[in-house]
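Participant: What follows is each chain in one-letter form.
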Amino acid sequence: NAGVMQNPRHLVRRRGQEARLRCSPMKGHSHVYWYRQLPEEGLKFMVYLQKENIIDESGMPKERFSAEFPKEGPSILRIQQVVRGDSAAYFCASSSTGASTYEQYFGPGTRLTVT
Amino acid sequence: AQKITQTQPGMFVQEKEAVTLDCTYDTSDQSYGLFWYKQPSSGEMIFLIYQGSYDEQNATEGRYSLNFQKARKSANLVISASQLGDSAMYFCAMREARGGGFKTIFGAGTRLFVKA
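Note that the protein sequences, when read in sequence, are chains G and U. Residue numbering for the first sequence follows the working numbering, starting at 837 and increasing by one per position. Residue numbering for the second sequence follows the working numbering, starting at -19 and increasing by one per position.
Mixed in with the good hints, there may be bad ones.
As the list claims (entries may be wrong) - Label-pair distances were calculated between CB atoms; the ranges are:
(1) U/-3 <-> G/886: 39 to 47 angstroms
(2) G/949 <-> U/-12: 35 to 43 angstroms
(3) G/894 <-> U/10: 15 to 23 angstroms
(4) U/38 <-> G/843: 34 to 42 angstroms
(5) G/919 <-> U/21: 21 to 29 angstroms
(6) G/894 <-> U/88: 15 to 23 angstroms
(7) G/851 <-> U/11: 37 to 45 angstroms
(8) U/36 <-> G/898: 14 to 22 angstroms
(9) U/60 <-> G/839: 25 to 33 angstroms
What the hints assert, rightly or not - So, partial list: chain G residues that the calculated Cβ filter (under 10 angstroms) puts toward chain U:
(10) 871
(11) 873
(12) 879
(13) 880
(14) 906
(15) 927
(16) 939
(17) 940
(18) 942
(19) 943
(20) 945
To be clear, the hints were calculated from the coordinates, so they are not data collected in a lab. Idealized CB from N, CA, C, for every residue including glycine.
With the hints as constraints, model all of the structure from the sequences given.
Facilitator: Shown next as structure tokens:
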């Protein structure tokens, strides 16, 4: 039973390029969450998605960042025109449906470096 | 606004001794969950322990226990019999229901150093 998968694990981009981070939730999970961790800091919530819907994007920067979770395929976090301040670890987590569950499973993270 | 506070940026503990990592939280919700995660130098987030707001007993998982004091809004992690492999960052987190799922807020973390 595979866990949450993220790829790539490491991504290097030059300023101005686009970064695409992918997250495949655990089998049977329809809720996906993205978090960002700056060096020496805790994780910061970015966005919560269900299949084809953005439920809460209160943590997403207003510009250059977008996220989707299509009906088929992984969730994508897209950062356009990256800047050095975007360098961070980006974690994806997933959970199953149902109010009784509390477990949120994290992927290994994607470490983005902007040069 | 919901908030998690970890006041200890770094902690030292002697191997085989117990250590308490502090966490206080602030929320107006009645239903919430409290978590502790471990992040070793390799970077992954490892779930350690969970406490629901309505749970009357403190959660325990092996050498980890959560000292939950609801009136004081604190959820301290106690690690007994520390091991060298416990050296890592530890994050306290709070989860609140949102739209059928959850939104998790993390504290700034405490870096634990276990001395031989």
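Participant: Indicate, hint by hint, whether the structure satisfies it.
Facilitator: Status of each hint after checking the structure:
1. U/-3 <-> G/886: 39 to 47 angstroms: Given range 39 to 47 angstroms: holds, Cβ gap about 45 angstroms.
2. G/949 <-> U/-12: 35 to 43 angstroms: With a Cβ separation near 29 angstroms, residue 949 of chain G and residue -12 of chain U fall outside 35 to 43 angstroms, so the hint is violated.
3. G/894 <-> U/10: 15 to 23 angstroms: With a Cβ separation near 21 angstroms, residue 894 of chain G and residue 10 of chain U satisfy 15 to 23 angstroms, so the hint holds.
4. U/38 <-> G/843: 34 to 42 angstroms: 39 angstroms, holds
5. G/919 <-> U/21: 21 to 29 angstroms: 27 angstroms, holds
6. G/894 <-> U/88: 15 to 23 angstroms: Given range 15 to 23 angstroms: holds, Cβ gap about 19 angstroms.
7. G/851 <-> U/11: 37 to 45 angstroms: 44 angstroms, holds
8. U/36 <-> G/898: 14 to 22 angstroms: Distance hint for residue 36 of chain U, residue 898 of chain G is violated at roughly 43 angstroms.
9. U/60 <-> G/839: 25 to 33 angstroms: Holds, since residue 60 of chain U and residue 839 of chain G (Cβ atoms, about 28 angstroms apart) stay within the stated range.
10. 871: Holds, about 8 angstroms.
11. 873: Hint on residue 873 of chain G: holds, closest Cβ of chain U at ~9 angstroms, below 10 angstroms.
12. 879: 4 angstroms, holds
13. 880: At about 7 angstroms, which falls below the 10 angstroms cut-off, the nearest Cβ of chain U leaves the hint on residue 880 of chain G intact, so it holds.
14. 906: 17 angstroms, violated
15. 927: With a minimum Cβ separation of about 6 angstroms from chain U (threshold 10 angstroms), the hint on residue 927 of chain G holds.
16. 939: Nearest chain U Cβ about 7 angstroms off; hint holds.
17. 940: 6 angstroms, holds
18. 942: 4 angstroms, holds
19. 943: Holds, because the Cβ-Cβ distance from residue 943 of chain G to chain U comes to roughly 8 angstroms (cut-off 10 angstroms).
20. 945: 6 angstroms, holds
Consistency note: the structure conflicts with the earlier hints numbered 2, 8, 14.
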